[in-house]
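Peer 1: Could you put together the complete structure from these sequences and hints?
Those sequence lines, one after another, are chains S and Y.
Each residue of the first sequence is one higher than the last, beginning at 1 in our numbering.
Each residue of the second sequence is one higher than the last, beginning at 1 in our numbering.
If you are wondering where the hints come from, they were derived from the structure by calculation, not from laboratory data.
Fair warning: this is a prediction, and the values are worked out from it, not measured in the lab.
Cβ atoms here follow ideal geometry from the backbone N, Cα and C, with glycine treated the same way.
Among the hints, erroneous ones may be present.
As the list claims (entries may be wrong) - Below, simulated DSSO-like cross-link-like pairs (lysine-lysine); rule was C-alpha separation at most 27 Å, straight line:
#, chain 1, residue 1, chain 2, residue 2
1, Y, Lys263, Y, Lys234
2, Y, Lys263, S, Lys2
3, Y, Lys329, S, Lys170
4, Y, Lys525, S, Lys129
5, Y, Lys3, S, Lys170
6, S, Lys118, Y, Lys346
7, S, Lys158, Y, Lys3
8, S, Lys2, S, Lys157
9, Y, Lys127, Y, Lys155
10, S, Lys57, Y, Lys346
11, S, Lys57, Y, Lys329
12, S, Lys57, S, Lys157
13, S, Lys57, Y, Lys263
14, Y, Lys329, Y, Lys234
Stated by the list, open to error - Computed beta-carbon distance windows for the label pairs:
#, chain 1, residue 1, chain 2, residue 2, range
15, Y, Arg181, S, Ser136, 31 to 37 Å
16, S, Ser55, Y, Ala88, 52 to 58 Å
17, Y, Gly151, S, Lys157, 54 to 60 Å
18, S, Ser55, Y, Thr340, 27 to 33 Å
As the list claims (entries may be wrong) - Selected chain Y positions facing chain S (Cβ under 8 Å, derived; list incomplete):
#, residue
19, Val5
20, Pro31
21, Phe128
22, Arg172
23, Ala174
24, Glu183
25, Ser325
26, Gly336
27, Thr340
28, Val341
29, Ile344
30, Pro349
31, Pro350
32, Ala351
33, Gly355
34, Leu386
In case you want the letters, here they are:
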Amino acid sequence: MKKDIILAGVGGQGILSIAAVIGIAAVESGRYLKQAEVHGMSQRGGAVESHLRISDKPVHSDLIPEGECDMILSVEPMEALRHLPFLAAEGWIVTSSNPFRNIEDYPVDEQIFAEIRKVRNHILLDAEKIAGEVGSRRVSNMVMLGAASVHLDLPAKKLEEAMETLFGRKGEDVVRMNIAALQAGRDAGKRV
Amino acid sequence: MSKLVLLGDEAVAQGALDAGLSGVYAYPGTPSTEITEYIQRSGQARQRNVHADWSVNEKTALEAALGMSYAGKRSMACMKHVGLNVAADPFMNAALTGVSGGLLVVAADDPSMHSSQNEQDSRFYGKFAMIPVLEPSSQQEAYDLTRYGFGLSEKFRLPVMIRVTTRLAHSRSAVIRSAAREENSMALPANLRQFILLPALARKKFKLLLSTFEELEEEGKSSGLNRLEKGTGKKRGVIACGLAYNYYREVAEMHRLDDPVLKISQYPVHPELLRNFVNAVEEVFVLEEGYPLVEESLRGVLESRYVIRGRMDGALPRDGELNPSLVEKALGVREGQPVTVPEIVKDRPPALCNGCGHIDMFKALNEAIADYGPGRVFSDIGCYTLGALPPYNAINSCVDMGASVTMAKGAADAGMFPSVAVIGDSTFTHSGMTGLLDAVLEASPVTVIISDNSTTGMTGGQKSHATGRLVEICGGLGVEKEHVRVMIPLRKNHDKNVAIIREELAHQGVSVVISQRECIQMVRKKRVS
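Peer 2: In structure tokens, the structure reads:
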């Protein structure tokens, strides 16, 4: 088993939390892991990404080679497209459809969606709407993780346990809302 | 022992703690910040009372670490690559004084300049100072080599550099710990003149350093950190330094390559290792993250029968960080046409946060200085450097920590008026204060705006040593009281702030405007907790 995932988004959208949850779940499932993050200047509202590699065998490179990525998991639709050169022919794009417009020349939504639909395996979700229904738009990132988890070889239970580990100190309510977002995302992902 | 999932930076920190570290000294800088932050959070460190407070800058950090080493304890100074420029004076001289307790200097390089002004390769500093450099290729090696580094430092009585790069510093993987060692106890150096670099003594120390070099090369051969990994291929050999080793292994697995590999994680590299390796193959690829240090040493300047491939002949790009795809291309095994990013995808550069105090400061400054025309604002290293971008277009320089103040003074000396510096609070105490004294001594007509957000913002909000001290510092340096002004950068104060800046721009001497409002990210963090 080997899964190479690129997490994408805009600084502040919570992709490092997604990375942390998958990372903990992978290690707790006895898998090898490497996960490269972006820190520093780009975190200030710029494009950010994380390369996440999970395998049964030791992982060499911290970065995923071009054309080898199994999944681009994005919390922002244009950011999903930025990493297309990395996606394998049979790879998945799982992305939120909610644009984050903090630049003047941001393209028209429909153009972005059309490009995403060109990739055979794609999930395009209104994550903010689903997150709002379970309690808060802030957990949109976990909705996307839920949708992606349908195509990740990690048990949902392990992901939920990882959320408890990660968010436990923030209180039970936070854990519960994140888990609810994960489940709602998972249900939505299955329907696609 | 226990298994942890750690960033490369954190693996260095944990390795140091388990090696009996007594103090870490550092100034925040991407990608090195997380080393010290890990130690600050560590229960193990707290229990042992390991020193982990931030220093004012990298020079004071390294000097304090050297002082702790003088007193017999194991210490570590951590910095980003350009921070080592600031600490270069104690760094070079510590190679001559040598150490008592083990001393590690961790330099975190940033090839591709993700968050930096240049991509200098710290291994050259190690070579320059003639000290050992260790370059881990994985998180586990970051842990192991840090532990080994302290022993190495005490064995040769020299500081040892640990060099990491962004991708290792900020990548997470499992690390297996080994049993922790106790800290050294306090002890004065056996020779109380060891640290006195008077010329007569320094000459002896330098001869000693020169005579140690061959032993360091031998050590790099026997430590196992520079090791030959045999392959069935006879044609091509690969020399892979640090992180580049992983990229080769990745590509080799993908394409079933089996070239002999010389894995390098310790410098200086024994010439015999290189010679034997190169002689056994027809061509050699040198893969290194950063500048071509090993490649350059192999090429030399004389004509040679050897075929050396790498960054200097275009097999790999001369600049930027490596990745598996670049290595695939260099080795000629990349298949298929590359997919391109759709044209509709636009750049999304970083930007100042909504509600940031720097924004209101720039708006006030832009209006106040409009009458004089553009091109008169020097700036510095921090979030406010983003004031260079639209819609502000407010600054004209970003060079190094503290340079805004001194460049403004130089330009004022040349007759430019007004001459303005925009500097952050933490950057000001890092390296701006001394330049301000230069300006005060000559009553230079400069206006220094200290954009004080009470934190070290760009690196994630570390303590700023300027907080609550700026008025006193500026007064103490001799700036006239009536020309140390404080303003609160809020929209509702805009007109008032424009007036304050306008008045100080017109002043024919040194003036300081402290624009004081807490970082919006820190305010939010406090609210959440």
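Peer 1: If a hint holds in the structure, say so; if it does not, say that too.
Peer 2: Going down the list of hints, with the structure as the test:
| no. | hint | verdict |
| --- | --- | --- |
| 1 | Y:Lys263 - Y:Lys234 | 17 Å, holds |
| 2 | Y:Lys263 - S:Lys2 | 26 Å, holds |
| 3 | Y:Lys329 - S:Lys170 | 47 Å, violated |
| 4 | Y:Lys525 - S:Lys129 | 26 Å, holds |
| 5 | Y:Lys3 - S:Lys170 | 25 Å, holds |
| 6 | S:Lys118 - Y:Lys346 | 19 Å, holds |
| 7 | S:Lys158 - Y:Lys3 | 18 Å, holds |
| 8 | S:Lys2 - S:Lys157 | 20 Å, holds |
| 9 | Y:Lys127 - Y:Lys155 | 19 Å, holds |
| 10 | S:Lys57 - Y:Lys346 | 37 Å, violated |
| 11 | S:Lys57 - Y:Lys329 | 25 Å, holds |
| 12 | S:Lys57 - S:Lys157 | 23 Å, holds |
| 13 | S:Lys57 - Y:Lys263 | 21 Å, holds |
| 14 | Y:Lys329 - Y:Lys234 | 20 Å, holds |
| 15 | Y:Arg181 - S:Ser136: 31 to 37 Å | 47 Å, violated |
| 16 | S:Ser55 - Y:Ala88: 52 to 58 Å | 42 Å, violated |
| 17 | Y:Gly151 - S:Lys157: 54 to 60 Å | 44 Å, violated |
| 18 | S:Ser55 - Y:Thr340: 27 to 33 Å | 28 Å, holds |
| 19 | Val5 | 5 Å, holds |
| 20 | Pro31 | 6 Å, holds |
| 21 | Phe128 | 26 Å, violated |
| 22 | Arg172 | 4 Å, holds |
| 23 | Ala174 | 6 Å, holds |
| 24 | Glu183 | 30 Å, violated |
| 25 | Ser325 | 4 Å, holds |
| 26 | Gly336 | 7 Å, holds |
| 27 | Thr340 | 7 Å, holds |
| 28 | Val341 | 6 Å, holds |
| 29 | Ile344 | 4 Å, holds |
| 30 | Pro349 | 6 Å, holds |
| 31 | Pro350 | 4 Å, holds |
| 32 | Ala351 | 4 Å, holds |
| 33 | Gly355 | 12 Å, violated |
| 34 | Leu386 | 7 Å, holds |
Hint compliance for this structure: hints 3, 10, 15, 16, 17, 21, 24 and 33 are not met, and every other hint is.
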